[in-house]
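Asks: First to last, the protein sequences are chains E and S. Under the numbering used here, the first residue of the first sequence carries the number 2, and numbering increases by one thereafter. Under the numbering used here, the first residue of the second sequence carries the number 18, and numbering increases by one thereafter.
What the hints contain is simulated information worked out from the structure, not anything from laboratory work. Treat the numbers as computed from the prediction; the structure is a model and nothing was measured. Even glycine gets a Cβ: it sits at the ideal position worked out from N, Cα and C. Don't take every hint at face value.
Unchecked claim - For lysine-lysine, the following DSSO-like pairs were computed, each having C-alpha atoms within a straight-line distance of at most 27 Å:
| hint | chain 1 | residue 1 | chain 2 | residue 2 |
| --- | --- | --- | --- | --- |
| 1 | E | Lys185 | S | Lys36 |
| 2 | S | Lys75 | E | Lys185 |
| 3 | E | Lys185 | S | Lys87 |
Unchecked claim - Stretch by stretch, here's where chain E covers chain S in the computed footprint (C-beta under 8 Å, at least three residues):
| hint | stretch |
| --- | --- |
| 4 | 20-30 |
| 5 | 45-53 |
Said to hold, decoys possible - If you want the ones that stay clear, here's a sample from chain E, every Cβ over 10 Å from chain S, calculated:
| hint | residue |
| --- | --- |
| 6 | Val5 |
| 7 | Arg16 |
| 8 | Glu20 |
| 9 | Ser24 |
| 10 | Pro25 |
| 11 | Arg26 |
| 12 | Val122 |
| 13 | Leu161 |
| 14 | Ala246 |
| 15 | Val248 |
| 16 | Pro289 |
| 17 | Lys306 |
| 18 | Ala325 |
| 19 | Met328 |
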Amino acid sequence: QRFVPSVKRRAFVARLVHEDIVSPRFFAPPVRARHLGPRRADDMATFAAPGAEHAVAKAQPAAGGFDFGQCPRNAALASAPVGKGYAAPTPMSTGTTICGVVYAGGVVLGADTRATGGSEVADKNCEKIHYLAPNIYCCGAGTAADTEKTTELIASQLELLRLSTSTQSRVVAAVTLLKRTLFKYQGHVSAALVLGGVDCTGPGLYQIYPHGSTARLPYVTMGSGSLAAMSVFETRYADGLDEAAAVSLVKDAIRAGIFNDLGSGSNVDITVIKTGGDATVMRGYETPNDTGPLRSAYERPRALKPAPGKATAVLSTVVEVADADAMQL
Amino acid sequence: GADSRVSTGTYIANRVSDKVSGLHDKIFMCRSGSAADTQAISDYVRHYLSTHALEVGKPPLVKTAAALAKRICYTNKEQLLAGVIIAGYDEADGGSVYVIPLGGTCLPVPFAIGGSGSTYIYGHVDNQYKAGMSLAECKKFVTEAVTRAMARDGSSGGIIRLVNISADGVDREYLTV
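Using the sequences and the hints given, assemble the complete structure.
Replies: In structure tokens, the structure reads:
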């Protein structure tokens, strides 16, 4: 039922507006919240758009959470009697090598750049080191969409927290927000993360598993290439490395993953977060798999080579625009 | 006391984990089962216990912590895979140990063992335990029990973490080999 203000209230509002204390828009009726369902027919009429009366009512928007409405359709497609059925496309996975190391002046994070969809490389140069805060970055392995969106969600929560507290984000805050989210989804959000950052308590490096368990360690590796990278770490890690040694260690660990694991490949990305909270993002720090020289060295048959000097022919420099009549039904 | 191995299948995810989590100044919880579940349980119990301690104005009792953990483990028994041992010191009961295995039972016991490696040392601990041991004897008892379990169980290994809780305070240490 509509809210009908009393005489006293209306007089009060009128005085506020008249004396220019508050703008009249402040007392306008609130925008109808989306979760209240489709608009009623009389609401539709308030739109000025002509023909709106004939518009089909909008489908009920989802209340939130996962929408399983397409599951029966997907199941029917997969088991379709015609031909072999349609299998759902494989989600893009970052079968990956990611790692991090704590050194004397902060944290170094490293990642490869291959994203696979099944056994095919979907992205040869994807970015696996995600921004969470100016002083906190997070490498993600598992399903690419899950790691991307989960880290974006937590990055926005951290920013809101920074705005309300006016203090630098803490690494444990990021870890806790991530582990609570992942535990809530009981491992179905396939995001295995290496989170590193520096805050007022010093450098911190954490590994976070899809089910929500975390561990704080001086060096961590995750992803399908984690065993290869861990072998490098276990051999060469030492407490209190300097920055050059730490970056070299991380680079070699990622290279071990790139060359020994089929799910990892392409380039090495490195991010260094130093005490004080400054982060240096080195995208493509090393590109040991550059295909440029290989591709340019390929000899193509003469017929496929563009003739020199006549590579492109301009067909016409004059373009005619003919106005067409509206379609007659 | 606890070992320090966390494994995902055959790979050791963390060889130096801390399975003895603090719930309050003088109350600790030994965790076994799913790492994610037990970390979540210990976070909840720590949170409730800290609020409770503020309300009561005194350090909480070990049996309170055990009751809180039992409540969580029992009501969510379908979803959780967690066997925990709550131990600590309080003024009312002195030192106490409560064991909460998989279903959510809470039992006050003089000593407790848990986890995958515990099956190999039931005979050993039943043989070695004596009531009224001194601190040194207790440390030796725990160390030897965990060592023998680590020797036989593939999912147990790493270092042995010991936490000694008494009226004087808390003493944490770890032993290698």
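Asks: With reference to the structure, classify each hint as holding or not holding.
Replies: How the hints compare with the structure:
About 22 Å separates the Cα atoms of E:Lys185 and S:Lys36, which keeps this hinted pair within 27 Å; it holds. With a C-alpha separation of about 33 Å, the suggested pair S:Lys75 and E:Lys185 falls outside the 27 Å cut-off, and the hint is violated. Restraint check for E:Lys185 and S:Lys87: satisfied, since their Cα atoms lie roughly 20 Å apart, inside the 27 Å limit. Counting residues of the stretch 20-30 of chain S whose CB lies closer than 8 Å to any CB of chain E gives 4, so the stated coverage by that chain holds, three being the minimum.
Figure legend: the stretch 45-53 of chain S, annotated as covered by chain E; annotation consistent (3 residues with Cβ-Cβ distances under 8 Å, at least 3 required). With a least beta-carbon separation of about 44 Å from chain S, E:Val5 lies farther than 10 Å from that chain, consistent with its non-interface assignment. Non-interface status of E:Arg16 relative to chain S is upheld: no Cβ of that chain comes within 10 Å, the nearest being about 47 Å off. Here E:Glu20 stays apart from chain S, with its beta-carbon at least about 48 Å from theirs, past the 10 Å limit.
With a closest Cβ-Cβ approach of about 44 Å to chain S, E:Ser24 is found to remain outside the 10 Å limit, as its non-interface label requires. In this structure E:Pro25 is separated from chain S by more than 10 Å, as the shortest Cβ-Cβ distance comes to about 47 Å. No beta-carbon of chain S is positioned within 10 Å of the beta-carbon of E:Arg26; the least distance is around 43 Å. Distance check for E:Val122 against chain S: the nearest CB is about 25 Å away, which clears 10 Å, and the non-interface claim stands.
At roughly 22 Å, the least C-beta separation between E:Leu161 and chain S is larger than 10 Å, which holds for a residue marked as non-interface. With a cut of 10 Å on Cβ distances, E:Ala246 stays outside the contact zone with chain S, its closest approach being about 22 Å. Chain S leaves E:Val248 outside its interface by the beta-carbon criterion, the shortest separation being 24 Å against a cut-off of 10 Å. At roughly 26 Å, the least C-beta separation between E:Pro289 and chain S is larger than 10 Å, which holds for a residue marked as non-interface.
Remark: the non-interface label on E:Lys306 is consistent with the geometry, its nearest Cβ contact in chain S lying 51 Å away (cut-off 10 Å). Listed as outside the interface, E:Ala325 is consistent with that label: its C-beta sits roughly 63 Å from the nearest C-beta of chain S, beyond the 10 Å cut-off. Look at E:Met328: its CB is around 59 Å from the nearest CB on chain S, clear of 10 Å, so calling it non-interface holds up.
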